[in-house]
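Trainee: Spelled out from the first residue to the last, the chains are:
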Amino acid sequence: MGLEDLYREIILDHYRSPRNRGELPPPAHRVEGFNPLCGDEVVLTIEVDDEGMVKDLKIGGQGCSISQSSASMMTAAIKGKSAAEAREFIEAFKTMMSIHSKELGDDEHGELDQIDPDLDLGDLEALKGVVQYPVRIKCATLGWNTLTQALDELSA
Amino acid sequence: MGLEDLYREIILDHYRSPRNRGELPPPAHRVEGFNPLCGDEVVLTIEVDDEGMVKDLKIGGQGCSISQSSASMMTAAIKGKSAAEAREFIEAFKTMMSIHSKELGDDEHGELDQIDPDLDLGDLEALKGVVQYPVRIKCATLGWNTLTQALDELSA
Amino acid sequence: MGLNVSEIKKDFPVLGQTVHDGRRIVYLDSANTSQKPQSVIDAMGRYYETINANVHRGTYKIAEEATNAMEGARGRVATFLGANSSRELVFTKNATESINLVANTWGRSNLNEGDAVVLTMMEHHATIVPWHMVAAEKGIELRWIPLTADGQLDLTDIDRLVDGAKLVSFTAMSNVLGTINPVERLTEIARSAGAMSLVDGSQHVPHLATNVAELGADFFVFTGHKMLGPTGIGGLWAQEETLDAMPPFLGGGEMILNVTTEGFTTTEIPWKFEAGTPPIAEIVGLGAAVDYLTAVGMDEIRQHEVELTGYALRTLHDRFGDDLTIHGPAEPASRGGVMSIQFKDIHPHDLTQIMDQNGVCLRAGHHCAKPLMKALGANATARASLYLYNDEADIDALGDALEASGEFFDF
Amino acid sequence: MGLNVSEIKKDFPVLGQTVHDGRRIVYLDSANTSQKPQSVIDAMGRYYETINANVHRGTYKIAEEATNAMEGARGRVATFLGANSSRELVFTKNATESINLVANTWGRSNLNEGDAVVLTMMEHHATIVPWHMVAAEKGIELRWIPLTADGQLDLTDIDRLVDGAKLVSFTAMSNVLGTINPVERLTEIARSAGAMSLVDGSQHVPHLATNVAELGADFFVFTGHKMLGPTGIGGLWAQEETLDAMPPFLGGGEMILNVTTEGFTTTEIPWKFEAGTPPIAEIVGLGAAVDYLTAVGMDEIRQHEVELTGYALRTLHDRFGDDLTIHGPAEPASRGGVMSIQFKDIHPHDLTQIMDQNGVCLRAGHHCAKPLMKALGANATARASLYLYNDEADIDALGDALEASGEFFDF
Ligand SMILES: Cc1ncc(COP(=O)(O)O)c(C=O)c1O
Ligand SMILES: Cc1ncc(COP(=O)(O)O)c(C=O)c1O
Numbered sequence: 001m002g003l004e005d006l007y008r009e010i011i012l013d014h015y016r017s018p019r020n021r022g023e024l025p026p027p028a029h030r031v032e033g034f035n036p037l038c039g040d041e042v043v044l045t046i047e048v049d050d051e052g053m054v055k056d057l058k059i060g061g062q063g064c065s066i067s068q069s070s071a072s073m074m075t076a077a078i079k080g081k082s083a084a085e086a087r088e089f090i091e092a093f094k095t096m097m098s099i100h101s102k103e104l105g106d107d108e109h110g111e112l113d114q115i116d117p118d119l120d121l122g123d124l125e126a127l128k129g130v131v132q133y134p135v136r137i138k139c140a141t142l143g144w145n146t147l148t149q150a151l152d153e154l155s156a
Numbered sequence: 001m002g003l004e005d006l007y008r009e010i011i012l013d014h015y016r017s018p019r020n021r022g023e024l025p026p027p028a029h030r031v032e033g034f035n036p037l038c039g040d041e042v043v044l045t046i047e048v049d050d051e052g053m054v055k056d057l058k059i060g061g062q063g064c065s066i067s068q069s070s071a072s073m074m075t076a077a078i079k080g081k082s083a084a085e086a087r088e089f090i091e092a093f094k095t096m097m098s099i100h101s102k103e104l105g106d107d108e109h110g111e112l113d114q115i116d117p118d119l120d121l122g123d124l125e126a127l128k129g130v131v132q133y134p135v136r137i138k139c140a141t142l143g144w145n146t147l148t149q150a151l152d153e154l155s156a
Numbered sequence: 001m002g003l004n005v006s007e008i009k010k011d012f013p014v015l016g017q018t019v020h021d022g023r024r025i026v027y028l029d030s031a032n033t034s035q036k037p038q039s040v041i042d043a044m045g046r047y048y049e050t051i052n053a054n055v056h057r058g059t060y061k062i063a064e065e066a067t068n069a070m071e072g073a074r075g076r077v078a079t080f081l082g083a084n085s086s087r088e089l090v091f092t093k094n095a096t097e098s099i100n101l102v103a104n105t106w107g108r109s110n111l112n113e114g115d116a117v118v119l120t121m122m123e124h125h126a127t128i129v130p131w132h133m134v135a136a137e138k139g140i141e142l143r144w145i146p147l148t149a150d151g152q153l154d155l156t157d158i159d160r161l162v163d164g165a166k167l168v169s170f171t172a173m174s175n176v177l178g179t180i181n182p183v184e185r186l187t188e189i190a191r192s193a194g195a196m197s198l199v200d201g202s203q204h205v206p207h208l209a210t211n212v213a214e215l216g217a218d219f220f221v222f223t224g225h226k227m228l229g230p231t232g233i234g235g236l237w238a239q240e241e242t243l244d245a246m247p248p249f250l251g252g253g254e255m256i257l258n259v260t261t262e263g264f265t266t267t268e269i270p271w272k273f274e275a276g277t278p279p280i281a282e283i284v285g286l287g288a289a290v291d292y293l294t295a296v297g298m299d300e301i302r303q304h305e306v307e308l309t310g311y312a313l314r315t316l317h318d319r320f321g322d323d324l325t326i327h328g329p330a331e332p333a334s335r336g337g338v339m340s341i342q343f344k345d346i347h348p349h350d351l352t353q354i355m356d357q358n359g360v361c362l363r364a365g366h367h368c369a370k371p372l373m374k375a376l377g378a379n380a381t382a383r384a385s386l387y388l389y390n391d392e393a394d395i396d397a398l399g400d401a402l403e404a405s406g407e408f409f410d411f
Numbered sequence: 001m002g003l004n005v006s007e008i009k010k011d012f013p014v015l016g017q018t019v020h021d022g023r024r025i026v027y028l029d030s031a032n033t034s035q036k037p038q039s040v041i042d043a044m045g046r047y048y049e050t051i052n053a054n055v056h057r058g059t060y061k062i063a064e065e066a067t068n069a070m071e072g073a074r075g076r077v078a079t080f081l082g083a084n085s086s087r088e089l090v091f092t093k094n095a096t097e098s099i100n101l102v103a104n105t106w107g108r109s110n111l112n113e114g115d116a117v118v119l120t121m122m123e124h125h126a127t128i129v130p131w132h133m134v135a136a137e138k139g140i141e142l143r144w145i146p147l148t149a150d151g152q153l154d155l156t157d158i159d160r161l162v163d164g165a166k167l168v169s170f171t172a173m174s175n176v177l178g179t180i181n182p183v184e185r186l187t188e189i190a191r192s193a194g195a196m197s198l199v200d201g202s203q204h205v206p207h208l209a210t211n212v213a214e215l216g217a218d219f220f221v222f223t224g225h226k227m228l229g230p231t232g233i234g235g236l237w238a239q240e241e242t243l244d245a246m247p248p249f250l251g252g253g254e255m256i257l258n259v260t261t262e263g264f265t266t267t268e269i270p271w272k273f274e275a276g277t278p279p280i281a282e283i284v285g286l287g288a289a290v291d292y293l294t295a296v297g298m299d300e301i302r303q304h305e306v307e308l309t310g311y312a313l314r315t316l317h318d319r320f321g322d323d324l325t326i327h328g329p330a331e332p333a334s335r336g337g338v339m340s341i342q343f344k345d346i347h348p349h350d351l352t353q354i355m356d357q358n359g360v361c362l363r364a365g366h367h368c369a370k371p372l373m374k375a376l377g378a379n380a381t382a383r384a385s386l387y388l389y390n391d392e393a394d395i396d397a398l399g400d401a402l403e404a405s406g407e408f409f410d411f
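Residue numbers (our numbering), protein chains in the order written: chain V, 1 to 156; chain F, 1 to 156; chain D, 1 to 411; chain A, 1 to 411.
Errors might be hidden in some of the hints.
What the hints assert, rightly or not - In silico DMTMM-like cross-links for lysine to aspartate or glutamate, where the CA-CA straight-line distance does not exceed 20 Å:
no. : chain 1 : residue 1 : chain 2 : residue 2
1   : D       : 9         : D       : 391
2   : D       : 374       : A       : 262
3   : A       : 9         : D       : 49
4   : F       : 79        : F       : 120
5   : A       : 374       : D       : 71
6   : V       : 138       : D       : 71
7   : V       : 81        : V       : 56
No lab work stands behind these hints: they were computed from the structure. Just so it is clear, the structure is predicted and the values come from calculations on it, not from any experiment.
Put together the whole structure using the sequences plus the hints.
Mentor: If you want it as structure tokens, here you go:
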């Protein structure tokens with residue numbers, strides 16, 4: 001396994017030119033996410049309209065190429081989708097990232113095997129190589145966990 | 001090192017026929033001693049007169065041959081002595097018992113090397129073999145620690 | 001078909017040692033700590049020699065391998081215990097720390113003046129002292145389930161004892177009497193009374209197949225060194241909701257999500273309860289221990305111990321009659337291979353000292369169960385305890401050593 | 001005359017390993033955890049293979065040998081630290097537990113609403129979080145000694161900060177900046193102000209000769225795995241009077257004098273603070289670690305690290321100029337061999353990932369010092385840290401790996 005598997009061109013592209021970077025002004029909903037292992041912090045701001053559609057979202061804060069590109073791809077994939085669709089994306093992405101942890105005997109995502117196999121993760125597939133680097137999974141999922149928290153808070 | 005070194009005849013004799021066994025009635029001073037490692041408990045009752053002379057003392061409770069014989073010999077050695085002489089005996093006995101712990105790097109009794117070398121421990125010398133059995137040192141010193149506590153409380 | 005004990009013995013290097021001029025070691029103190037198979041020792045050595053690094057932190061190869069080795073072992077130990085997920089398993093340094101963890105987090109935040117905690121008269125100090133400490137701070141009441149004459153829990157009065165209690169904390173198997181307690185029944189009684197239950201599995205996990213999901217406990221603790229694992233490692237199992245609701249225990253690295261000069265937030269379970277650098281090599285060693293136990297088979301181990309305990313009770317009674325008292329249940333099927341004995345009038349310390357001359361290793365003392373000893377009317381007993389590597393020859397050696405002690409102290 | 005590093009390297013099996021198709025491991029993460037010499041690994045293996053038994057309990061041969069091995073190691077570690085007696089040395093599972101022990105016993109019984117504890121802005125979470133926890137319970141105030149631009153403690157305002165404080169808790173050496181703090185001066189300042197002092201020696205003990213009696217601290221903590229010892233072992237040193245006056249921490253076996261259904265009394269120090277079966281093999285391993293360090297010589301190790309740090313600061317500056325920032329004091333003599341770096345705009349995680357491809361092991365992250373990272377204006381740094389087994393070739397490899405990373409991320 002070479003580094004090229006981790007650092008695909010598309011990842012570096014999102015890292016160099018992150019999409020939806022910055023912070024939406026209030027009244028957008030704002031959530032901070034922490035990677036407890038490395039100290040990276042992201043700020044997600046999101047607007048969901050009355051129909052439950054993600055009208056806009058932006059990512060701020062600092063992070064490595066993996067967390068930044070993953071968050072960038074996430075914003076591109078989620079923007080304009082419904083909250084329900086967003087959650088499906090989150091599940092699908094975390095399933096992809098959890099193959100490794102399952103091997104470690106952690107069956108927390110067992111039920112996710114039933115996720116729609118046709119859901120197209122698109123560019124996000126490029127992050128597949130991350131599962132070979134367990135410590136970096138936390139990087140790749142940082143933005144996603146923060147999005148989950150935001151959606152939970154908005155629907156609470 | 002055979003068992004004969006630990007279980008000298010004189011030890012077994014004191015075990016079979018303990019001296020000063022029992023409890024003195026109040027107002028004798030009463031102290032309980034515990035061996036935290038094996039659960040043995042002794043009860044020491046002691047009378048010290050106005051001149052600081054140990055008029056009488058008795059040992060009750062349960063214990064193994066080592067703790068019982070050591071306590072028995074102790075009572076025989078201490079009875080009729082002054083509290084100050086009793087403390088010298090205690091120091092001398094604990095020095096004998098601490099040779100081993102010193103080897104283990106514990107220099108707590110370093111200063112005791114200056115103990116009067118002429119002090120005759122008499123029968124108690126028979127307990128020398130105990131230092132080869134570190135766990136049993138706690139047995140041999142149980143009565144003595146209890147006596148120390150009694151003398152401390154009486155002079156407090 | 002039974003265990004092939006002579007092959008198993010070869011896996012345990014200590015058992016190949018001799019003492020006192022060539023006496024083979026007859027190790028009968030496994031309730032105290034077990035011997036370790038070579039595979040466990042080697043797993044730790046290999047860890048230190050090939051992938052030693054701190055976990056959850058490094059982005060380099062050996063750090064990732066160390067993390068995988070540790071978290072992989074967590075998964076295998078969780079499976080061995082019948083847990084639903086490895087997130088239900090918190091590693092501690094021993095069973096004692098596990099119980100203190102519960103007392104300090106769940107206990108101190110849920111128990112208030114006048115609340116009751118129910119214990120039993122056969123508990124190890126590890127179950128007693130933490131609740132005494134909470135009692136001293138919070139003014140809670142401790143209630144004690146008494147014992148029957150043959151060392152079983154006397155549940156006659158159980159309804160009154162658990163009435164209004166917040167917790168029932170008890171051992172799955174006595175380390176003194178060998179009694180195997182009715183764990184499922186007791187956790188059910190606790191639940192019906194609205195109380196939580198804490199099961200001390202220290203003596204259960206090494207000797208009987210354990211399924212925490214079925215036992216019905218809210219908290220379940222165990223210790224590594226009694227189950228072929230290394231020292232310095234133990235565990236606490238609880239369901240995710242239970243662990244999530246508990247405040248943290250020790251504070252420091254690994255257990256945080258964020259720290260500022262103003263405060264801190266905790267990370268997810270189980271790491272929330274694992275402050276500081278974990279006992280990595282010890283977790284790896286414990287993983288190797290459950291691999292070994294699984295390969296031999298827990299049911300086979302239990303079967304072997306029942307048979308061997310039966311052999312011991314029978315032959316020792318035949319040899320010594322009324323000179324020998326063996327505490328606890330008479331029936332091998334309702335007890336583990338733990339035999340607390342009293343022989344003639346010989347003090348346990350003296351008894352075990354003579355036995356040692358014969359290479360026979362028994363523990364003498366209160367076995368960290370002083371309230372029980374008081375109930376038995378003794379300060380101390382001598383205890384012989386069995387494991388998968390013991391055989392009938394070891395029991396015969398125990399009998400011979402008893403005989404020798406009897407002769408030595410025959411005044 | 002310097003250390004013979006090429007000989008020393010041979011004692012550490014991990015350093016003979018290769019990764020990523022034959023790259024030798026260049027281990028530069030010793031501030032995280034150190035590698036272990038074969039003698040330490042073997043001491044533990046030998047313990048398990050020959051005398052494994054529980055301590056302080058058995059009257060049989062191997063139990064006595066296990067007790068001697070453990071308590072002998074306690075004596076040697078106490079001597080290594082400059083303690084007056086082995087009773088001043090309490091074993092814990094790591095430095096984190098040691099600090100929590102102090103916070104939970106001395107802290108919770110001596111600190112009350114409005115009391116102040118003084119920390120520094122360069123503390124590890126292990127020093128911060130326990131006091132946050134006491135603060136949340138007791139309403140105490142935390143005060144923070146700030147830093148100068150080159151990463152030293154800024155003592156300008158120290159009199160005001162310690163005024164009325166009950167405790168000053170600080171690290172002897174920063175695990176991020178390498179800064180060696182003026183320990184004796186700070187403990188003296190604390191004492192004059194009527195405050196106790198707690199010194200975190202986790203990074204000091206492995207790298208500089210340590211004499212607790214001279215440092216003047218009331219509490220001194222350290223951790224085994226950073227000083228060539230195993231995981232699962234750490235310690236707390238304090239004077240006997242201090243330990244005697246503290247209430248117990250965890251409750252259970254080993255720490256009691258007597259237990260009844262009504263209450264318990266504690267045994268003597270240090271065992272009063274060592275509840276449950278201790279990390280016996282780990283204590284034996286730590287004993288072997290201090291034997292190794294003593295044989296090499298702590299002054300020689302320090303001298304070697306000063307020279308190597310100087311070489312690193314010099315050559316890396318020459319190679320990379322302003323592309324590379326190394327935090328902390330500029331002068332090798334006032335710092336340890338810990339270098340937190342920032343290279344170009346490359347995120348530390350990415351940087352260390354590329355370095356790993358070259359076999360070079362660095363840690364990236366907040367190093368459990370988030371308040372300090374915030375003060376440095378970074379979420380994370382990459383950190384290279386040295387020990388006795390590193391040499392100039394390792395520093396050159398670090399430089400080469402930096403170069404490779406720069407090329408990889410040169411967009
Ligand atoms: C300065 C400092 N203090 C405390 C600790 C905590 O040590 P441990 O994780 O072994 O408890 C560390 C290391 O992680 C450290 O560098
Ligand atoms: C029933 C029981 N509970 C708890 C313990 C405590 O285990 P540890 O000393 O490993 O914490 C023991 C063993 O000593 C035990 O037998």
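Trainee: Taken at face value, is the distance from the CA of residue 391 of chain D to the CA of residue 9 of chain D at most 20 Å?
Mentor: holds, 9 Å
Trainee: Run the distance test for residue 374 of chain A versus residue 71 of chain D: straight-line Cα separation, threshold 20 Å.
Mentor: violated, 30 Å
Trainee: Is residue 138 of chain V close enough to residue 71 of chain D, meaning Cα to Cα at most 20 Å?
Mentor: holds, 15 Å
Trainee: Going straight from one Cα to the other, do residue 79 of chain F and residue 120 of chain F come out at no more than 20 Å?
Mentor: holds, 15 Å
Trainee: Regarding the pair residue 374 of chain D and residue 262 of chain A, is the alpha-carbon distance no greater than 20 Å?
Mentor: Cα-Cα ~13 Å, so holds.
Trainee: Regarding the pair residue 81 of chain V and residue 56 of chain V, is the alpha-carbon distance no greater than 20 Å?
Mentor: Since the Cα atoms of residue 81 of chain V and residue 56 of chain V sit roughly 10 Å apart, the hinted pair holds (cutoff 20 Å).
Trainee: Quickly compare the C-alpha distance for residue 9 of chain A and residue 49 of chain D to 20 Å and report which way the hint goes.
Mentor: Distance of about 13 Å is within 20 Å: holds.
Violated hint: 5 only; the structure is consistent with all others.
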